[in-house]
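Participant: Residue strings, one per chain:
Protein chains: 2
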Amino acid sequence: MQVAVLAHDSFPDRAKTAVGLLRYGDHEVRAVLDRERAGGRVADHLPDVQDAPIVGSMDEVPEIDALVIGVAPIGGSFEESWRPDVRAALERGCNVLSGLHYFLTDDEEFAELAAEYGGKLVDVRKPPENLTVADASAGEVEATVVTTVGTDCSTGKMTTAYELRDAARERGLDAVVVPTGQTGVVIEGWGIVVDRVVSDYAAGAVERLVETPVGMDLVVVEGQGALGHPAYSGVTTSILHGSAPDALVMCHEVGRERVHGYESFELPSPAEYADLYERVAAPVSDASVVAGALNTRGLGDDAAADAVAAYGEAIDAPATDPVRGEIPEELLEAIV
Amino acid sequence: MQVAVLAHDSFPDRAKTAVGLLRYGDHEVRAVLDRERAGGRVADHLPDVQDAPIVGSMDEVPEIDALVIGVAPIGGSFEESWRPDVRAALERGCNVLSGLHYFLTDDEEFAELAAEYGGKLVDVRKPPENLTVADASAGEVEATVVTTVGTDCSTGKMTTAYELRDAARERGLDAVVVPTGQTGVVIEGWGIVVDRVVSDYAAGAVERLVETPVGMDLVVVEGQGALGHPAYSGVTTSILHGSAPDALVMCHEVGRERVHGYESFELPSPAEYADLYERVAAPVSDASVVAGALNTRGLGDDAAADAVAAYGEAIDAPATDPVRGEIPEELLEAIV
Numbered sequence: 001m002q003v004a005v006l007a008h009d010s011f012p013d014r015a016k017t018a019v020g021l022l023r024y025g026d027h028e029v030r031a032v033l034d035r036e037r038a039g040g041r042v043a044d045h046l047p048d049v050q051d052a053p054i055v056g057s058m059d060e061v062p063e064i065d066a067l068v069i070g071v072a073p074i075g076g077s078f079e080e081s082w083r084p085d086v087r088a089a090l091e092r093g094c095n096v097l098s099g100l101h102y103f104l105t106d107d108e109e110f111a112e113l114a115a116e117y118g119g120k121l122v123d124v125r126k127p128p129e130n131l132t133v134a135d136a137s138a139g140e141v142e143a144t145v146v147t148t149v150g151t152d153c154s155t156g157k158m159t160t161a162y163e164l165r166d167a168a169r170e171r172g173l174d175a176v177v178v179p180t181g182q183t184g185v186v187i188e189g190w191g192i193v194v195d196r197v198v199s200d201y202a203a204g205a206v207e208r209l210v211e212t213p214v215g216m217d218l219v220v221v222e223g224q225g226a227l228g229h230p231a232y233s234g235v236t237t238s239i240l241h242g243s244a245p246d247a248l249v250m251c252h253e254v255g256r257e258r259v260h261g262y263e264s265f266e267l268p269s270p271a272e273y274a275d276l277y278e279r280v281a282a283p284v285s286d287a288s289v290v291a292g293a294l295n296t297r298g299l300g301d302d303a304a305a306d307a308v309a310a311y312g313e314a315i316d317a318p319a320t321d322p323v324r325g326e327i328p329e330e331l332l333e334a335i336v
Numbered sequence: 001m002q003v004a005v006l007a008h009d010s011f012p013d014r015a016k017t018a019v020g021l022l023r024y025g026d027h028e029v030r031a032v033l034d035r036e037r038a039g040g041r042v043a044d045h046l047p048d049v050q051d052a053p054i055v056g057s058m059d060e061v062p063e064i065d066a067l068v069i070g071v072a073p074i075g076g077s078f079e080e081s082w083r084p085d086v087r088a089a090l091e092r093g094c095n096v097l098s099g100l101h102y103f104l105t106d107d108e109e110f111a112e113l114a115a116e117y118g119g120k121l122v123d124v125r126k127p128p129e130n131l132t133v134a135d136a137s138a139g140e141v142e143a144t145v146v147t148t149v150g151t152d153c154s155t156g157k158m159t160t161a162y163e164l165r166d167a168a169r170e171r172g173l174d175a176v177v178v179p180t181g182q183t184g185v186v187i188e189g190w191g192i193v194v195d196r197v198v199s200d201y202a203a204g205a206v207e208r209l210v211e212t213p214v215g216m217d218l219v220v221v222e223g224q225g226a227l228g229h230p231a232y233s234g235v236t237t238s239i240l241h242g243s244a245p246d247a248l249v250m251c252h253e254v255g256r257e258r259v260h261g262y263e264s265f266e267l268p269s270p271a272e273y274a275d276l277y278e279r280v281a282a283p284v285s286d287a288s289v290v291a292g293a294l295n296t297r298g299l300g301d302d303a304a305a306d307a308v309a310a311y312g313e314a315i316d317a318p319a320t321d322p323v324r325g326e327i328p329e330e331l332l333e334a335i336v
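Residue numbers (the numbering used here), protein chains in the order written: chain F, 1 to 336; chain Y, 1 to 336.
None of these hints come from the bench; they were simulated from the model.
Please read all numbers here as calculations on a predicted model, not as lab measurements.
From the three backbone atoms N, C-alpha and C, an ideal C-beta is built for every residue, glycine too.
One should not assume that every hint holds.
[Claimed, not checked] From the structure, some residues in chain Y lie toward chain F, with a derived Cβ separation under 10 Å:
| no. | residue |
| --- | --- |
| 1 | Gly75 |
| 2 | Ala136 |
| 3 | Glu207 |
| 4 | Val254 |
| 5 | Gly255 |
| 6 | Tyr273 |
| 7 | Ala282 |
[Claimed, not checked] Residues on chain F that point at chain Y, a partial pick, calculated with CB under 10 Å:
| no. | residue |
| --- | --- |
| 8 | Gln2 |
| 9 | Gln50 |
| 10 | Asp51 |
| 11 | Ala136 |
| 12 | Arg196 |
| 13 | Ala244 |
| 14 | Ala247 |
| 15 | Ala271 |
| 16 | Ser285 |
| 17 | Ser288 |
| 18 | Leu299 |
| 19 | Ala303 |
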């Protein structure tokens, strides 16, 4: 699929979805829309992802199948200054994909244009309507299922999932990421945003996702939240049990000692946290934390290497910073 | 309010809502609908709750204000064989209350009949629309907050909550149950069916519920599911963290060794389960399992007493069967 990604005034640092698409997506990104940086190229900002021109509006975008909203502003609202670009995409008959809280399908103008020109509006946060309670069948999936879990939100669970997939592919394995959040679902073009699913069906939704890919050696499930998180632990637990993983990879950010945004709550130590995940997983699937991913953002190379080593020792498993370095052979072997 | 309760083919053992209403509700139950047991009386099956005739259909029900759907099948679908009774109730101008996943308000025939005859369709599982992410404030509630947790579904979490409330009231305390499931919400007339809430907001919904009652000495939060349940653990965890309890009471059914309806999954032992609850609660609130409630249904008195003693010993806390006997003084003291 050929796409353009809308990231006005936000590329690259505040456009997580756009960057994710460029880095991990299988789609060809033909243009990034950012009126502030128009005229440049993606490679000027991000040397290690697929390159594309940065343009000011849909007028400068070549032929595409879909426009993807690549920003996720706080609150998830639709920024009215994006309207002309979405309108232009729809008038060209393109699909428009969005992970916003604001549903494009509920926007009268967009709905009419989509109907008139034959494009499709896809609100990835809208869960499917035919979800059910889990029947606990995900454990029967033949592929090795590994779920990324974390000590907090924003510790690198999605990134780690994709880096594991890429490392497995490099070694000749058929590997896929099962996306459970809006960025992943936009990147993949399939998946379910689990935090939007009714609680009773959350594990069932994950189970369905895990059972979707066929012929895989490795299925990497993107985890969400954290098991001890005051607000999001329900989502975490639903993914942990719904995916019935064979193994867990635990993501942590170096130096993080308190729950982000809930600073009065201390994080358990990584060792305690790994044990907690294993013990809660155990009644459903016998999954150990077989590897660790440490986000060492902000550290120098030596300090990062030391931190990774200490983290691996703490959780008694091979560890890496998947953004900073390769996935080590022994880490991948611990998983598959 | 005068009600009839629909419990076809299910009364009493598979009609939890019906039994809860008969035992703890303030409504006068004028009939139970169960075509399989029609002709008998409630008292034939349950000697210690309000009595009512069991009838085969709405034709035999005297004047009522509302028909309550008193069964909650797995999946929460509407059983088409109930349709004539719901239709008849609506044609008499009665309200119909339902805790099913299937919303009666979305059923065209029922919606039309309700509009035509002036009855109201009340889907108690429909959550409020203005829910938010938890801000982790429930720990600041002044009352003692105790949450009932369980080793499985249907181990007595709601029953235990009500029996604790009644025991506390008998000792002069102001006590209230915070209902989180369809039966409790039907009984109380307030509450939120947490399993129906979007996962992201589930803990936030519980937090709001816990902060609702004022001037209480004891707030007993009705738990749901089980921490190691393959399908419902997300709901359990959201309640565990969202309620930020001061103490936990763990409910178990004697002899249950496998997850009900998911028989390939073994339950952890009660001692392990209590430890698991405490360890998962710990990052948010320092709550111990201070008491146990054992469902000894099916045992003789001596065997039940032995089982309760063994259960208390296993979890190292005072235990009782709250349905069979009084709540012992020492158990209540362990909580408040």
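Participant: Against this structure, judge whether each hint is valid.
Facilitator: Hints and how they fare:
This hint holds: Y/Gly75 has a C-beta 6 Å from the nearest C-beta of chain F, less than the 10 Å allowed. With 10 Å as the threshold, the beta carbon of Y/Ala136 comes within range of chain F, its nearest partner Cβ sitting at about 4 Å, so the hint holds. Nearest Cβ of chain F to the Cβ of Y/Glu207: about 9 Å, under the 10 Å cut. The hint holds. Using the Cβ-Cβ criterion of 10 Å, the hint placing Y/Val254 at the interface with chain F is not satisfied: the shortest such distance is roughly 19 Å.
Against a cut-off of 10 Å between C-beta atoms, the interface hint on Y/Gly255 is violated, since the closest Cβ of chain F lies about 18 Å away. At a threshold of 10 Å, the smallest CB-CB gap from Y/Tyr273 to chain F is about 9 Å, leaving the interface hint in force. About 7 Å separates the beta-carbon of Y/Ala282 from the nearest beta-carbon of chain F, less than 10 Å, and the hint is met. With 10 Å as the threshold, the beta carbon of F/Gln2 stays out of range of chain Y, its nearest partner Cβ sitting at about 33 Å, so the hint is violated.
Hint on F/Gln50 is violated. Least Cβ distance to chain Y is approximately 31 Å, over the 10 Å limit. Restraint check, F/Asp51 versus chain Y: the minimum CB separation of about 35 Å is more than 10 Å; hint violated. At about 4 Å, the closest approach between the beta carbon of F/Ala136 and any beta carbon in chain Y falls short of 10 Å, and the interface hint on this residue holds. Annotation: interface hint on F/Arg196 holds; nearest CB of chain Y at approximately 6 Å, less than 10 Å.
A cut of 10 Å between beta carbons decides the hint on F/Ala244: the least distance to chain Y is about 8 Å, and the hint holds. Taken as an interface hint, F/Ala247 does not check out: its beta carbon lies about 18 Å from the nearest beta carbon of chain Y, beyond 10 Å. Taken as an interface hint, F/Ala271 does not check out: its beta carbon lies about 13 Å from the nearest beta carbon of chain Y, beyond 10 Å. Hint status for F/Ser285: holds, given a least beta-carbon distance of 9 Å to chain Y, under 10 Å.
Residue-level restraint check for F/Ser288 is violated (minimum Cβ-Cβ distance to chain Y is 16 Å; threshold 10 Å). With a cut of 10 Å, the hint placing F/Leu299 at the interface with chain Y is violated, because the nearest CB-to-CB distance is about 25 Å. Interface hint status for F/Ala303: violated, as the beta-carbon distance to the closest one in chain Y is roughly 27 Å, over 10 Å.
Violated hints for the displayed structure, listed by number in ascending order: 4, 5, 8, 9, 10, 14, 15, 17, 18, 19.
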